[in-house]
Amino acid sequence: MAKNDLQGTLDLLVLKTLAQLGRLHGYGIVQHIQRVSDELLRVEEGSLYPALHRMEQSGWIASEWALTETGRRAKYYKLTAPGRRRLDEAEKDFEELVKGVRAILRYA
Amino acid sequence: MGLLQRIRNLRRREGVNADIAEELRAHIDLAVEEMTRHGMSEAAARREARLRFGNPVALREKTVHADAALGLASIWADIRFGLRQLRRAPGFALTSIAVLALGIGASTAIFSAVNPILFEPLPFPHANRILTVWSTFEGARSRLAFGNWRELSERNHSLDALAAYQPWQPVLLGSAQPERLSGQRVSASFLRVLGVEPWLGRDFLPAEDRYHGPNVAIVSARLWQSKLGGDRGIVGRAVTLDGDRYTVIGVMPANFENVLSPAADIWTPLDYDTQTLSSDFESREWGNHLYLVGRMRPGVTRQAAERDLDTIAAHPVAQYVRPQWASLQHGLIVDFLQADITRDVRPALLAIMGAVLLVLLMAAVNVTNLQLARGAQRQGEFAMRVTLGAGRMRVIRQLVTESLLLAALGGAAGVGIAVAGVRALVAMGPPALPRIHAIHCSAEAFFFALALSTLVGVLAGLVPALHASREELRGDAQRNTARATRSDSWTRRTLVVTEMALALTLLAGAGLLLRSMHRLLSVDPGFDPSHLLTLEINTSGHEFDDNAAAPDAGTRARRRFFEQALEAVRRVPGVQAAGLTSNLPLTDDAVIYGTYGAHFEGDPPQGGNDVFRYAVSPGYCEAMRIPLRSGRLLTEQDSAAAPPAVLISESLARSRFPGQSALGKRVHVGPMDLPWYTVVGVVGDVKQNSLALDEPDAVYLTEEQSWFADNTMSVVVQAHGNSAALASAVENAIWSVNKDQALVRVTTMDALLQAGEATLRFVLILFEAFALVALALAATGIYGVLSGSVTERTREIGVRAALGASRGAILALVLRQGMTMAAVGAALGLAAAMVASQALAALLFGVSRLDPLTYLAVTALLLAAAGAACAIPAARAVAVDPMQALRSE
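So the sequences go chain by chain: A and B.
Residue numbers for the first sequence follow the working numbering, beginning at 1 and rising by one.
Residue numbers for the second sequence follow the working numbering, beginning at 109 and rising by one.
Derived from the structure by calculation, the hints contain no laboratory data.
Every residue, glycine too, gets a C-beta built ideally from N, C-alpha and C.
Take these hints with a grain of salt, some might be off.
BS3-like, lysine-lysine: derived pairs with alpha carbons at most 25 Å apart [to be verified]:
1) A:78 / B:847
2) A:92 / A:16
3) A:78 / A:99
4) A:16 / B:170
5) A:78 / A:16
6) B:847 / B:335
Label pairs and their computed distance ranges (CB to CB) [what the hints assert, rightly or not]:
7) A:82 / B:165: 41 to 47 Å
8) B:158 / A:70: 36 to 42 Å
9) A:69 / B:165: 26 to 32 Å
10) B:144 / A:42: 30 to 36 Å
11) B:129 / A:40: 27 to 33 Å
12) A:36 / B:183: 39 to 45 Å
13) B:146 / A:71: 30 to 36 Å
14) A:91 / B:165: 18 to 24 Å
15) B:183 / A:71: 28 to 34 Å
16) B:160 / A:70: 26 to 32 Å
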């Protein structure tokens, strides 16, 4: 069975966000997820940064320091090739999770 | 995950921390920026952002944790925690480290010293094919004659080459003072047998190895550097040795290690005459002077070579005649070169190695005991940690880390001890120790000792962790300590008993050696060694050569020189008496010059006694204070012209003339065709080779009345005060007579006496050191267990005291526990020591290896030390306040 925990879901959200928007800093990731999910999903900073660093250590994302539009220094993350592969797996895992959960809910 | 990156992160930890802090700050700034854009005030926005962000420190730590390797970071944490734990128990930590360091250091030093001597192959190609060959005489190894060598080397089928050699000590002239060199006369095959070649120039040619062949010499790199200028052009140049010019044909490589004669600096061919072999048995070609060393053909075993040579010895052929004394009728001894050169020190080294193994074992036992004691104290801590959710593996890992930490610290200190120990061993090594310069600190030995003690420490360290896991099952973190430690304390007591037994074994060894040393030093050498200075004069030069024109000129010149030298020495202020002798007691002179046959009037032709021949000056016995038993000593009147007179030793007189006076008896010493010597006096027996040996008998005759003139004589000087202080005045006095004569072995008789016993002293010092360490370890062990036990039994002791037990009864309670362990250990140790003493048998002198007095004394010593170690915890037990003890539960 695939890894269907909540941490996996956070990874999926972050990876997908980076896949869609390319280069983004931590704050931008939080904002994007919040906006796109219509305020339904809210990523805690307390979970996000450890996750970002863990994923970077795993080689799924890479980081670099750059300036924002307003001229602030921020750390930008982007997807790597292993990260893209990881994203595919995570998406599949998530589909299965949803399917499984739905099956349980529909069972009457 | 990238392990390397994690390690890098770990190293750049500070950088990573700052990086993350900045990233998180940027996050808050971005949030504030956004919120102020939507109209919020900066202050409110910042507060809001902070609020949403949570505890920044905690977040940073969490993020950092994701960065740095989980395992590595927590190992570092384990190490820091371990260090803190050790710092909290400094007594335990320091004792463990000291014990480990001693065990590791001592065993590394000993193995480092023993390994190159006994076990590493000698520094020659295929060194295990090199053999030594000896004749046997009364079971002992004896040298062979030139005639024997020629026969064996020509008739054997098992050797590539068989070389012969003998010591050669030419005097090198040309520098300010004449200098005697140490060297060897060798057959042309000598270097080939060892498998080495000169580094400069060439080896000897077979054609140079003949009677009155060319004067050629090969020199050592050492001599070439120190005395011959270190110039590569030396080959082909001449040096003056004993007044003759020798052409240097080669220089040996600097790393050539001549184990057969480590001090040898110069080599020249043998110079024996093959023509006289069958015609003249009195010639020196039939003197047993030669050492033989051979190289086996590939694939030949030592046994096969021995059989081959023994067959030759047992089956003489007409082509090779042999005189009776070189008949090889007792067979040959064929030994590996390495076994041969280590023969004298092997028992000593093996005994020392055994002793150090015991020390290492004791160190391991002691560390185990310390770990167990400490584990028992921390039982509660581990139970608590397990109860609070620490995994079993986590606790075990922590303990292993702590054990490894101790091992690392102990090992580091052990390296220091090992290095110092090796240096000390080399410095105090006895002269008989071969290959002393090959000794170096051995990394293998160090890691072996380190691994052994670490393994033991780790295993011992695990015991409390396993206990803790059991506690987890019981779910009882607050247990009564006395209950669960019972099996544990039994183990610890067993270990203490083991330590006691090991310590007693070592103590008994040291005691036996100490008694041997005392016995040996109390042996009467037969003369008074105090205030005696001695030195050896080697005459050389053509002025001492006999020639056809004046057959006696050389001999007369030699005798005149010795006479004048002695007179000059007697004139030196501070000299009380002086004399000359051809054989100096307590040296190997007699080994070199051998013994002679003494035939008393009426002895059958095959009869007679082997005796040492002392050709002396009148006054020699007086200078040595050799006691006169009857008759008179030799005087100036016993000159060449007077009737030959001889002194014989007491034991010889007693064995040959029991119940009657030996005075007036007539004897031939050496040649039978010369006038009889008449016994004019009987003197006390003197130890010739060493204090440990009972020697053959001795005769003393004046140099003038001897049938040949010795070319080497020793001067003995009886000084008024400090004999060593006279050395240079005596040397100058001799050189004032003839400055070209070499003076060697300038030393006091006391020093010779000590040097003779150096091997025993060496073993004794090490055994004493090891035994002391063992005693200390055993006492520490018994103290540790007893003191732990008193702590555990505080309540019991309190109850006993409350119920009216007297102080004496409580004291007895603790002492009995301790002394029972000591007594059981001592009993086991006695048994072990009796068995182990077999290893020492070869080193003992004048004392049985089962000497009851020694065993009694060391047992008493051990029990006394144990008693002292028990006294402290016992005193603590007596001091227990019953009320306090009961309340503490």
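Hint by hint, here is what the structure shows:
no., hint, result
1, A:78 / B:847, "violated, 95 Å"
2, A:92 / A:16, "holds, 12 Å"
3, A:78 / A:99, "violated, 30 Å"
4, A:16 / B:170, "holds, 23 Å"
5, A:78 / A:16, "holds, 11 Å"
6, B:847 / B:335, "holds, 19 Å"
7, A:82 / B:165: 41 to 47 Å, "violated, 32 Å"
8, B:158 / A:70: 36 to 42 Å, "violated, 20 Å"
9, A:69 / B:165: 26 to 32 Å, "holds, 30 Å"
10, B:144 / A:42: 30 to 36 Å, "violated, 21 Å"
11, B:129 / A:40: 27 to 33 Å, "holds, 31 Å"
12, A:36 / B:183: 39 to 45 Å, "holds, 42 Å"
13, B:146 / A:71: 30 to 36 Å, "violated, 19 Å"
14, A:91 / B:165: 18 to 24 Å, "violated, 35 Å"
15, B:183 / A:71: 28 to 34 Å, "violated, 43 Å"
16, B:160 / A:70: 26 to 32 Å, "violated, 20 Å"
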